[in-house]
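Each chain is listed here by its residues.
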Amino acid sequence: MEATALRLGIHELIGDYVERIDEDRLEEWPDLFADPCRYLVISRAGHEAGMRQGVMYAASRGMLLDRVFSLRRANIYEPHRYRHVIGPIRLKSIEGSMAIVQSHFLCVRIMHDGTTSMFASGRYLDRIDISATPFRFTERLVVLDSDKIDTLLAIPL
Amino acid sequence: MEATALRLGIHELIGDYVERIDEDRLEEWPDLFADPCRYLVISRAGHEAGMRQGVMYAASRGMLLDRVFSLRRANIYEPHRYRHVIGPIRLKSIEGSMAIVQSHFLCVRIMHDGTTSMFASGRYLDRIDISATPFRFTERLVVLDSDKIDTLLAIPL
Amino acid sequence: MEATALRLGIHELIGDYVERIDEDRLEEWPDLFADPCRYLVISRAGHEAGMRQGVMYAASRGMLLDRVFSLRRANIYEPHRYRHVIGPIRLKSIEGSMAIVQSHFLCVRIMHDGTTSMFASGRYLDRIDISATPFRFTERLVVLDSDKIDTLLAIPL
Chain Z
533 MEATALRLGI HELIGDYVER IDEDRLEEWP DLFADPCRYL VISRAGHEAG MRQGVMYAAS
593 RGMLLDRVFS LRRANIYEPH RYRHVIGPIR LKSIEGSMAI VQSHFLCVRI MHDGTTSMFA
653 SGRYLDRIDI SATPFRFTER LVVLDSDKID TLLAIPL
Chain U
533 MEATALRLGI HELIGDYVER IDEDRLEEWP DLFADPCRYL VISRAGHEAG MRQGVMYAAS
593 RGMLLDRVFS LRRANIYEPH RYRHVIGPIR LKSIEGSMAI VQSHFLCVRI MHDGTTSMFA
653 SGRYLDRIDI SATPFRFTER LVVLDSDKID TLLAIPL
Chain R
533 MEATALRLGI HELIGDYVER IDEDRLEEWP DLFADPCRYL VISRAGHEAG MRQGVMYAAS
593 RGMLLDRVFS LRRANIYEPH RYRHVIGPIR LKSIEGSMAI VQSHFLCVRI MHDGTTSMFA
653 SGRYLDRIDI SATPFRFTER LVVLDSDKID TLLAIPL
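Protein chains in written order, with our numbering: chain Z, 533 to 689; chain U, 533 to 689; chain R, 533 to 689.
With the rest of the complex left out, here is chain Z (with noise of 0.2 Å):
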């Protein structure tokens, strides 16, 4: 594939994958993953001591949206939403079919009343599927730098 092309179409399921949450589109986040995947959010401390469970995990996009199932049933939060801002997107290499990527995020919640504050930041490390388009995420491991945040996740980063 040409480079150019490669780069966009990560570039394109990145900022695909923060609009369907920030737009609260996330009957469609799923379909983002490939079949089987693997998605884990987990802290900083957890993945460098090689911990393989964290504070949301999947491995099929029907898990995926179970997840999204649960939360649209669960009155037990208040209502919030996110806005992810993504730093640089690096393509480390590609193995195969298949693309590591970095990147860096921010996301700040706003809570139904309007308040608006810091609630995660970290990286994500990425394996994206790239033999067919569009590209999907085979691996999906959202590293977050605080170990603060695990009691207050819903919705997912």
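A couple of the hints might just be wrong.
[To be verified] For each label pair, taking beta carbons as the anchor points, the in silico distance ranges come out as:
1) U:E627 - Z:T665: 20 to 28 Å
2) R:E544 - U:I626: 22 to 30 Å
3) U:A686 - Z:S649: 18 to 26 Å
4) R:G646 - Z:S663: 33 to 41 Å
5) Z:A537 - R:S649: 34 to 42 Å
6) U:P666 - Z:A581: 45 to 53 Å
7) U:A686 - R:D598: 41 to 49 Å
8) U:T647 - R:I632: 28 to 36 Å
9) R:R584 - Z:M583: 42 to 50 Å
10) Z:T665 - U:E534: 13 to 21 Å
11) U:A686 - R:L538: 32 to 40 Å
12) R:R584 - Z:A686: 47 to 55 Å
In case anyone wonders, no lab produced these hints; they're calculated from the structure.
From a predicted model like this one, the values you see are computed outputs, not experimental measurements.
Backbone N, C-alpha and C fix where the C-beta goes; we use that ideal spot for every residue, glycine too.
Assemble the complex: chain Z is given as a structure, and chains U and R must be docked to it using the hints.
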């Protein structure tokens, strides 16, 4: 137009926009719009309800410039600056000589005493005239995530 | 050099810079500079007043590395990390083998207990040597939006 040049021109316009605002070169800010144009800052709730008026509105370069002149004359607010970062910029479609583009932003506000705080987050929904270079905004909707921001807004976002 | 490769190389350098800092690979950070070089962290007010000294200053890789060694030895500050996101990266001009580049950043600080707060915002004003790959910073001015930051600054920005 060649795809890379198109994307580059869009990135340049969006980058130039935040630079002129954040560097307090507000008098040069209206030049980034076509004339007539549509500039609207509106809350997400207002936007989703189809409201056509928001927190700020202008339909021409003259109106945009009027706003800057008012700002320069007014001494009613404490001096401050913004700093924007722009998340993924997404080219959604091309309609004739118009590019339909969306992007995310976070904006912090820096008060004269140096206090920095998260000020605003949201989306830019743009219609960009690509018939001549440099590109210009025909329409820029600034859709704010929070309703709380209104009364604080002096400098354009 | 071909335009796309040029921009890609600049993005890579800027991305690599924040990754080495944010991932605490500080010993590898000086390698991104030419030698001699100029690295200066300065407030906007200081920069606009034409001051040549700021909050941090280095004129060579050796001086940059000295700063890292001091940091590693010092136990006077509470452990923390940064997370940067970079806004629009703008190539302003090419002067011989030097690219003049500006970008925006937001940087949050994550304390050891997980507390995350907006730490710094500002601009990177870069002179980047593009005569060989990978590109290197000949000059990087970090112009801070706030004057308040000085006494807190330990890790380079």
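If any of the earlier hints don't hold here, list their numbers in rising order. none
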